[in-house]
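Asker: From first to last, the protein sequence lines stand for chains B and V. Positions 1 to 76 (our numbering) are the ones given, in order, by the first sequence. Positions 1 to 168 (our numbering) are the ones given, in order, by the second sequence.
Treat the hints as calculated values from the structure; they're not laboratory data. Hints may be right or wrong, so weigh each one.
Said to hold, decoys possible - Straight-line C-alpha distance at most 27 Å; calculated DSS-like pairs for lysine-lysine: (1) V:K25 to B:K54; (2) B:K17 to V:K102; (3) B:K60 to V:K100.
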Amino acid sequence: MFGDFRRRKVDWFHENKIDYVDYRNERILRRFINERGKILPRRITGCTAENQRKLTTAIKRARILAILPFESETYR
Amino acid sequence: MIRIYETTFIVNPQAEEAVVDRQVKDIADVITNSGGKILQEDRIGTRRLAYEIKGLSHGHYAGFIFEGNNELLTGLDRFYRLNEQYVRFLTVIFDGDVEKVKVQRATDYFHRDDDRGGRPDRGDREDRPRGGGGGRGGWRDRDDRGERGHGGGHGGHGGGGGYRGGRG
């Protein structure tokens with residue numbers, strides 16, 4: 001599918017030197033969920049294991065606070 | 001044990017401003033009265049909720065970063081539960097640097113109500129499928145289901161009956 005070419009994965013948080021993944025920041029967290037509201041897997045986000053863990057926690061917290069949806073049929 | 005916690009809560013934005021202020025202050029009082037120390041107050045403001053809670057589509061968000069112990073948390077939780085005007089609340093251990101997070105939040109935050117700027121820049125998502133608008137349920141979703149399919153494979157076709165049979 002990708003042929004010989006595979007893009008180098010980059011950890012967004014590492015790139016931007018963010019060590020606290022903020023559960024209140026909808027704009028950032030939105031990048032890491034799909035249209036359904038599911039958390040994207042690491043193979044797609046490119047996050048390090050540590051940051052993916054932080055990200056998952058943050059997204060789950062954001063869902064509790066209705067910042068992110070638990071599920072959504074259509075992406076807004 | 002004294003730790004740093006962060007609490008966030010949602011109150012009804014349709015209430016008068018004085019009432020909302022009162023509600024925020026009440027939480028501050030609960031914290032300080034039980035020996036806690038407030039390190040930072042956050043009035044995030046009114047924003048749209050991702051899903052309706054108690055018939056509300058918008059909520060007024062506020063929060064505190066504070067120092068406190070176990071008993072304080074119990075008291076705070078109790079207070080939230082007894083007062084129904086706190087539509088939703090969350091208290092977590094704060095594991096960041098207070099000053100750094102303050103700066104981070106000041107520079108990039110959702111403070112604006114209903115930021116409808118669409119999806120953020122896509123520069124960092126190069127390796128996602130770029131099917132455009134119709135990309136829903138692309139290869140990624142099918143992939144996910146595939147993985148799960150293996151686990152549930154046995155019970156799958158038998159349905160509920162098969163499962164029960166296996167047990168008895």
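Asker: Looking back at the hints listed earlier, which ones does the structure fail to meet?
Answerer: 1
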